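Number of protein chains: 4
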Amino acid sequence: MKGLKIAVIGGGSSYTPELADGFIKRADRLPVSEIWLVDIEAGREKLGIVAALAKRMFAGAGMNIEVKTAFERTTALENADYVIAQFRVGGLWARALDEQIPMRYRVIGQETTGPGGFAKALRTIPVMLDICRDIEKHAPKAWLINFTNPSGIITEMVHRHTNVKIIGLCNVPIGMVSNVARLLGVESSRITIDFVGLNHLIWGKDVYLDGEKVTERVLQYLCDGESMTMKNIPDLKMDADFLKSLGMIPCPYHRYYYMTEEILEEELKEFNKGKGTRATQVMEVEKELFRVYNNIQLDKKPEQLEKRGGAFYSDAAVSLISSIYNNSKDIHTVNVRNNGTISSLPDDVVIEANSVVGSSGARPLAIGRLDDSINGLVQTVKSYELLTVKAAVSGDYYTALQALICNPLVKSANTAKMILGDILKENENYLTQFRAKS
Amino acid sequence: MKGLKIAVIGGGSSYTPELADGFIKRADRLPVSEIWLVDIEAGREKLGIVAALAKRMFAGAGMNIEVKTAFERTTALENADYVIAQFRVGGLWARALDEQIPMRYRVIGQETTGPGGFAKALRTIPVMLDICRDIEKHAPKAWLINFTNPSGIITEMVHRHTNVKIIGLCNVPIGMVSNVARLLGVESSRITIDFVGLNHLIWGKDVYLDGEKVTERVLQYLCDGESMTMKNIPDLKMDADFLKSLGMIPCPYHRYYYMTEEILEEELKEFNKGKGTRATQVMEVEKELFRVYNNIQLDKKPEQLEKRGGAFYSDAAVSLISSIYNNSKDIHTVNVRNNGTISSLPDDVVIEANSVVGSSGARPLAIGRLDDSINGLVQTVKSYELLTVKAAVSGDYYTALQALICNPLVKSANTAKMILGDILKENENYLTQFRAKS
Amino acid sequence: MKGLKIAVIGGGSSYTPELADGFIKRADRLPVSEIWLVDIEAGREKLGIVAALAKRMFAGAGMNIEVKTAFERTTALENADYVIAQFRVGGLWARALDEQIPMRYRVIGQETTGPGGFAKALRTIPVMLDICRDIEKHAPKAWLINFTNPSGIITEMVHRHTNVKIIGLCNVPIGMVSNVARLLGVESSRITIDFVGLNHLIWGKDVYLDGEKVTERVLQYLCDGESMTMKNIPDLKMDADFLKSLGMIPCPYHRYYYMTEEILEEELKEFNKGKGTRATQVMEVEKELFRVYNNIQLDKKPEQLEKRGGAFYSDAAVSLISSIYNNSKDIHTVNVRNNGTISSLPDDVVIEANSVVGSSGARPLAIGRLDDSINGLVQTVKSYELLTVKAAVSGDYYTALQALICNPLVKSANTAKMILGDILKENENYLTQFRAKS
Amino acid sequence: MKGLKIAVIGGGSSYTPELADGFIKRADRLPVSEIWLVDIEAGREKLGIVAALAKRMFAGAGMNIEVKTAFERTTALENADYVIAQFRVGGLWARALDEQIPMRYRVIGQETTGPGGFAKALRTIPVMLDICRDIEKHAPKAWLINFTNPSGIITEMVHRHTNVKIIGLCNVPIGMVSNVARLLGVESSRITIDFVGLNHLIWGKDVYLDGEKVTERVLQYLCDGESMTMKNIPDLKMDADFLKSLGMIPCPYHRYYYMTEEILEEELKEFNKGKGTRATQVMEVEKELFRVYNNIQLDKKPEQLEKRGGAFYSDAAVSLISSIYNNSKDIHTVNVRNNGTISSLPDDVVIEANSVVGSSGARPLAIGRLDDSINGLVQTVKSYELLTVKAAVSGDYYTALQALICNPLVKSANTAKMILGDILKENENYLTQFRAKS
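Chains as they are written, first to last, in our numbering: chain C, 184 to 621; chain Z, 184 to 621; chain V, 184 to 621; chain S, 184 to 621.
Hints are computed from structural coordinates only; laboratory data are not their basis.
Any given hint might turn out to be false.
Since the list gives no way to pick out one identical chain from another, each pair is judged satisfied if it fits inside one copy or across any two copies.
Claimed, not checked - The calculated lysine-lysine pairs, modelled on DSS-like cross-linking and capped at a C-alpha distance of 27 Å, are:
(1) LYS470 x LYS251
(2) LYS324 x LYS427
(3) LYS396 x LYS512
(4) LYS208 x LYS512
(5) LYS348 x LYS396
(6) LYS452 x LYS600
(7) LYS185 x LYS427
(8) LYS512 x LYS348
(9) LYS238 x LYS388
(10) LYS594 x LYS452
Bear in mind that the values here come from a model prediction, so they are computed numbers and not experimental data.
So that you can see chain C by itself, here it is in the shape it has in the complex (with noise of 0.2 Å):
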């Protein structure tokens, strides 16, 4: 029987050594022969220091994997098995510029959300549009995990605009099962959260302990100071009358939401000292860790990598990989077709929510209507991803411009135009699907 192929897109990522623990930790499961890491001509000497230290992992581990580099993705897809999306395009330059370009406003800038993960997802719609194309034709029975950011909507894009069989992939829900563990001093395989809600905008309803329901406890953990931000959030505490009031356990993201001014000004006073944005940050990490990469003595994981914002991102790939080629119907918290789980929103948007994974795919939990707690920013938030995905689609000014204004970290409609109009001129390289609007 022939082994498994892998085909990475952004395989020279820094992220890519994760990956290749996580198919070591799971050789009796996952009986892979191929990985090949696919990325583009600029970033050939990343590439070459990945591949290289992923061939020492695993010949370190006594496993027979072959890596192949590539800068041609059509070979590297041909009849994979599964396709692993991590590709950023523009790399961390655009990065900082998606963080800068919102704060000269005073609007949060952030990767992501707001008016930053706009432009990354109009950078990286068409480049996704492209690759999926690519998969119909050469590898139509893989499954594409995609934890390209914003998750969410490329999975809702790559759902309503292509035949690929997507999962998207998230670190904040595990992120938060580990930090309520850590909370009540237990192991994460005891903990269960209830989770509601969109990528990088989801909510804890209830959590459960050895399925006895604990919310409450954890909810008073935070209300006393605790902490579950991520790397890459400002670790602002959240205030305890409105952590009671909302009965549910934010996800870090939420600060942004919930907390915008005062979020807004650690980001403005932080950028002001001239440290730049987090994209600055992440450049040095970087730096650092492909120096790291480069030792040949190396030949595991380097603990480095998991002061990357990503950490665990890969491993979960992988996990959710197994998952599906063993049939093994775990529960992971994905990014799925909605199907009449949240009753609130159209059957056919993308939301993230509990499921039940095995070989046919990713069945999520059935939720129901949302409370009207969070109905509104749910809604508010899935209208600007579906406007998001058309306009990144057909380049329309007029629904991007659209898209921006339903944005709830846009203050106001013109605010939203002088955003855009610099998000398409800094990086009209890449938004080619636009007319030129002066």
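With the hints as your guide, set chains Z, V and S onto chain C.
Relative to chain C, chains Z, V and S alone:
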């Protein structure tokens, strides 16, 4: 045959002469025999003035209608055919507070939207609930025509918590029709607007002149700088690209949502000039109006009344009563139970929609799904309204806090908490349903 | 100003004189200049007779309307303002088959419901699709007024597969209003019925006399044995307890669903007497009608026309055209896109509902959820209709089989298969879209 | 730590030894300390026999479980952890009537579907409501595992009218999985079926072997004449074209709906042979079973039990309890609140669906819209079920009549009325909620 009995709650309002005028204009269609003007003791003087004016107006028109005043409402309600609600709990002083409190935190201060409308709802709902209990008992067949603001929220509460037959009224839609007619230089009767949305959050999805679609023509007028505002809303010009991207006619209140920052600056600028808020101006207008009303020569609706923001409200109420009484199946834009009209919203919420009005009430014309460009805002405001009704009826602090956090004009949870603190404290005489919270 | 151009597909129908009469009665409101009567070669003689009669009628009324005949429809459609569809594919001989085939298997044989209506839809849909392609090309602004049966299914198909603006018409609702008026001894204009359902499956949820609910009074008349049937439906009395439990006014066609066995016995009894089916009687009526029409003295709609089952259909069509042309916003009960009107059904299906009709089309009045007592039947028939449209357009045997199995008048899958076999075989000249299936 | 307390309502049932066997097989996972068998006085002898057998079985397995019997349920329920409902109001004599009454009118006579299931629901619901009131009081934290039939309707009632945590169980889905496994010659554990529908009206939308879709292969077996029926349902072959057009795996009970006439003929033929109905056969089986149970040598579940139609039901119940107790998140096909799972049905109705079961209950996996081919039947039966619950709780004759008219196996309103008359009369000792109606 006995004539109709009308009871007016808040009968001492400066709007009452317009009501009287409405009955006079429809003398041939509405056989009214008694009008009861009910008010509170504190309004005794004003009540006396308007009652006297109303008597002179009916006499002047040669109509035999008894005008009675009352400070206790059960006699007034007894077997009434129509009850009109136009009261204001706390009067204009409370309105001034509603407008000022939010501004302390750089949040829009407005009578019916944002935290101001929220505070008004909290004060009004317990009183309206008491009135409805009396209507259920003393006039179970009566129609309640409500134009006490926030009209949509009040109608929502009456639908959820009472058996009273209510139709909620607003003058924004007729105002928009009349403005569009003015722009196109035609009679209002030739214009139809397909309205979609909620009270004070309504869009003209399409505009028809004699049944032919002229939406783009009207939008072009607005893009060219033509104004469509109301007395009480700063007349800031909306951006042409924004209007094109929206593709619908916004209502005057949309400025608060689409131009939040700009309106806030305008409000603060005016307030800092020491002119007070809109309430202050209205107090002046009212003082002048009652001076005019008190002139015993006067037996007609004085022209000055049209300066008041709510002009035409009362005439719309009488026109509505005529459609019900005569089963004439005219189309009015009113607040009614959704029942599928907007299929993206639950059946059991109140919306503002074009409705056929006859003796069996108001039947809205089906609309279908909300466009993504307006879905988020409509869902958000509706969820805010439902939480507000729940908070006002239960007096639960945390529900009130969630309501305010969900309001799209409030920028952060912390701001919501501070504003709520001020509202509860400074309205404590009215908000007895809330347990003390330091 | 140029007058209106009307194209009538199936212009040689015996209904045409009623159409002409309808235009004559509305001469003051509908400035018609040309009426094109289109038919197939086989109908040349009848077409000649009705065209001549129509000319005499207009002349007799002193109206200057050109009446033209055509056997090729594009010229007739060119820039038409209104297209009226009243054709019958296969004529009355095909109808006779539709009525007889099901009876072979002890299943109701009826022209528009059950397997008979199904066969008629399979024959009609390909022709209607061709007509719509021509309308899209030659008269894209025209309104298509359809009363070709099964009117609900035809309208559903046009909505799903074409861009033609269609309103589907039926005379059942006006017939019910007129019957209720007769029972109550009042003018039809004083009666309103809240209709809910689908074409030929419509209930009067509530009945109002001058806006006052009289549903129970009307039900009592029916319980007492008063009749409300139509020419083409056996007048079997409905059980009083059944009517009380239903609490709504059933339509005449409901007998087929609620009294299936009884109607079947009646049909078989009549048929076994050698009288043929309803088609046979209609052939007689038609022969007589055309004899009368051919009288060159005649210049009025002859009384005999009212014996025909579809009486008043054509007048309803002209009345509808008048509401559209004059933007008069009258309420008609027509077949329109649901758009949330019945919130238990998807937005994109066609229902029959009270609708406000003006120049921009028909807007149904919101109804809300279906009661459990009628939900099953409505859902079943709507699913049957959707499958029938799909089968007729695709020519897929298995879809056709599912459609017929889903029809509530068909008793078992095996019966459905046998009936379908006969339909396909005996209609093979018309059902070319179906691949041969032995 | 205290062991689990189990209360079995209908403890004297012939199924109880399987329950006992289920607990023995899961001794390592379910620390049961007490089992209370509750029954009515009339069942005293049988209760004694099964209790004695259960004791011998536990002793034989070396388990220390107290077996107690009771004729009054409050002590048995006091602080119970799990309550199992397996009672039968009126016993097999009532079942015989349920099967015979409809046949008098040429309608299917069946225990759980059609008028037979309706009569059983009317008898069972008042008793179940009383039991639930006791559970609310004496064991508010207990899970109620219901396999009293009609299981879907009973679960619907408990969800609507009580606060008891219920999961409804049926052995049809496990039976289908096991039959498919047999056809494919593999272990059941390798088969997954995507079930969709309601209790005793469930389709296998897709079948997977090790996660790979094999639906067409399974359908082909059925087309080729392979059987998939149950002990209590005549094994009539389904037509191959019908199966292809359906494209899903029907459940054994579907024969009643898709082959109504054929099954009826079969039933009447058997009955006319003087063999009685299925109840008569079951009485024989039961008599034999209790003879076997009474053998004091016996300390194992006897093989003969598997002849009973409901075999494996009880084992499924214990397996479910184990998933709840151990929070093991296995997938069971159970009756749960819809919550959007089937997006064509309201959130608040009970459906039968694949669900993840853990300590917090059963969460169904989202399905989306119903296909048109099954929408009508599902909607009709669900509406029938809702009306049946309403009729059984209220005792309203007209609601009962509507329920029966809506049942798709009843052919006409008149037939429904006659059957209802017989049911009410012949069950009058049980149906005290109904006012006398001659």
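Evaluated hints:
| no. | hint | in the structure |
| --- | --- | --- |
| 1 | LYS470 x LYS251 | within (23 Å within a copy, 72 Å between copies) |
| 2 | LYS324 x LYS427 | between (47 Å within a copy, 25 Å between copies) |
| 3 | LYS396 x LYS512 | both (23 Å within a copy, 15 Å between copies) |
| 4 | LYS208 x LYS512 | both (19 Å within a copy, 24 Å between copies) |
| 5 | LYS348 x LYS396 | between (35 Å within a copy, 15 Å between copies) |
| 6 | LYS452 x LYS600 | both (25 Å within a copy, 24 Å between copies) |
| 7 | LYS185 x LYS427 | neither (54 Å within a copy, 35 Å between copies) |
| 8 | LYS512 x LYS348 | both (17 Å within a copy, 26 Å between copies) |
| 9 | LYS238 x LYS388 | neither (43 Å within a copy, 44 Å between copies) |
| 10 | LYS594 x LYS452 | both (20 Å within a copy, 19 Å between copies) |
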